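The primary structure of each chain is shown beneath.
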Amino acid sequence: MTTKLETLPTPDKKSAGNGKPTNHRKPTRARESRGTLAFSRAARTKALIKHAILILAGGLMIYPLLWMVVSSLRPNELIFREPGLWLSTLEMSNYTDGWSALTHPFGHYMLNSAIVVVGSILGNLISCSMAAYAFARLQFTGKKLFFGIMLLTIMLPFHVVIVPQYILFSQIGWVNTFWPLLVPKLLATDAFFVFLMVQFIRGIPKDLDEAARIDGAGHPRIFLRVILPLMVPALATTTIFTFIWTWNDFFGALIYLTDPDMFTVPVALRAFVDSQSATSWGSLFAMSIVSLLPVFLVFLFGQRFLIKGIATTGIK
Amino acid sequence: MSAISELNSLTKRKGPATAEEKKANGRDNKAAYIFLLPWLVGLVAITIGPMLMSLYLSFTDYNLLQPPEWTGLDNFIRMFSDARLHNSLRVTFTYVFVGVPLQLAVALVIALVLDKGLRGLPFYRSVFYLPSLLGGSVAVAILWKQIFGTTGLVNQVLAMFGVQGPGWISDPSTALGSIILLHVWTFGAPMIIFLAGLRQIPVMYYEAARVDGAGTLQQFWRITLPMLSPIIFFNLVLQIIGSFQSFTQAFIVSGGNGGPSDSTMFFTLYLYQKGFGQFDMGYASAMAWFLLVIIGVFTAINFIAAKYWVFYDD
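So the protein lines, in turn, are chains A and B.
First residue of the first sequence? That's 2 in our numbering, and the numbers climb one at a time after it.
First residue of the second sequence? That's 2 in our numbering, and the numbers climb one at a time after it.
There could be a bad hint or two in this list.
What the hints assert, rightly or not - Keeping only pairs whose Cα atoms sit at most 16 Å apart, straight-line, the calculated EDC-like set for lysine to aspartate or glutamate is:
hint, chain 1, residue 1, chain 2, residue 2
1, A, Lys-47, B, Asp-116
2, A, Lys-144, B, Glu-7
3, A, Lys-144, B, Asp-29
4, A, Lys-145, B, Asp-29
5, A, Lys-145, B, Glu-7
6, A, Lys-51, B, Asp-116
7, B, Lys-117, B, Glu-208
Just so you know, the hints here were simulated from the structure itself, not pulled from any lab data.
All of these numbers come straight from a predicted model, not from anything done at the bench.
Next comes chain A alone, as it looks inside the complex (with noise of 0.2 Å):
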């Protein structure tokens, strides 16, 4: 670490071999005082920038979706005249309008999102884990071959595969049920939550399983008395993963579920983009709204597993 730092140039060095050292440390350190002082109030315009600039980038970013939210509760007409957030009259015909303006409710399509949703997470928690104990903690031949595998599949893009995967669910006449979406999730395809998991394991102190072991514990014991109560921080970053991707996945769904009664949130609102004009913006943003409501409640209150399982394991 320090070798690095002998090549930046170093003019105390010079200083120090001049051989005056106490003439010159008297200087110094009264510049030193000095310069904090200005420092803090440097550091403090600093600081005022910095915030000017986020405030500036953040309010920018954040601009559109409040101004859709606004847009959804204002009358169509003005959606196109109004680039402001001041709400003079409050409409909620777009949600009513909206809510109803496909061949089944909203909520229709809302509940067939949360049946895949949940069984995605359910899918994923299980098959996952499950993967991920046996990498972290078994020695079996094959380890490192399938380990780095499992790390390439990681980064595979999905196109790849769905030519075939469509093939052979439609033969076993899958096409139009939720299978399609499940399935893959119950066989632990999703590699990222097996690495993220893995990662989990290993910080879990061994100890714990010789313990274990030594009162007579066999490993499936091992993995449901010891490991999975200790790796609950894991299990929730990858149930809150699931639940947005799953939420927000659209090509699964525009290409296994053709059939109205099936569809699922993202496929419903295409539906809706299709069918409307151009003019009834007002539910269609009522609709987008409400669909990226659960995803919205799920990152107030799981920002804080969010923001860990993509800072340690890099993935969006």
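Using the hints provided, position chain B relative to the given structure of chain A.
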């Protein structure tokens, strides 16, 4: 430690097995494969099997109704002369090589401003992070469609300054730009990775540099950037892989057709149209493998280039 550095260390570590490894070797095979069973089944049935199947299909003509007919390299030869495919490549490359650097640059700048004990950091972080959670949704794509429409929010604001803006998404020269902007808007996730990386840099490096008289800019070039380079690299690799597969935004904003005049026809959108619009499954498979090769090549280039600019502190 990230997935990428794990992969790196897997390929490097070739020392003899430790005593612990030797002792345990082979002991847990049965238990391990039981625990791995769901993953193994998934690997074979959902990932590797379909991969090989699509490789086979890429050499066939297949429309789901008749059995696949072997046509050799026909699909690949067709790709050579498919002008729409070439256009879709150009669109995708523009998106990736403008959108990703722009997004990472914004993420880095905001992370630098946010770093170092600024008050209200958790609040700012949430505000900047939120769009990256919502950005992949159909709802936000709908919002974008309105904002950059002829009578959308952007043009309403421009009109306040007396400027008559174009229909951003109905004009072929600006449509892709508005989708790139949507990608930049979701810089929150890489920003959080940068923030975590910045926190890893020992404060004493900066202290020592300040004592030695290094200015803010010099500290940034000599300490922050080199120390952060593994994380920049990590973000770059992942964002490039992800952006090549981008689909939803272009699909919704263009109404599913990649318009106007194919200006937002992403490679994945074209693949979807071929495979699931026209059921030209052989051609779609060939395209999918081509995409895999493109992503593989760019990831490899990234890893090779990394040797020259990524700095590892150990």
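Would you check the hint for Lys-47/A and Asp-116/B, treating anything up to 16 Å between C-alpha atoms as holding? holds, 13 Å
> Keeping to a limit of 16 Å between CA atoms, is the pair of Lys-117/B and Glu-208/B held or broken?
Replying inline: Holds. Lys-117/B to Glu-208/B sits at ~13 Å (cutoff 16 Å).
* Keeping to a limit of 16 Å between CA atoms, is the pair of Lys-51/A and Asp-116/B held or broken? -> holds, 10 Å
Within 16 Å, alpha carbon to alpha carbon, are Lys-145/A and Asp-29/B? holds, 15 Å
Straight-line Cα separation of Lys-145/A and Glu-7/B no greater than 16 Å? Between Lys-145/A and Glu-7/B the Cα gap is close to 11 Å, so the pair holds against 16 Å.
| Taken at face value, is the distance from the CA of Asp-29/B to the CA of Lys-144/A at most 16 Å? | holds, 11 Å
*Straight-line Cα separation of Lys-144/A and Glu-7/B no greater than 16 Å?*
holds, 14 Å
The structure is consistent with each of the numbered hints, conforming to all of them.
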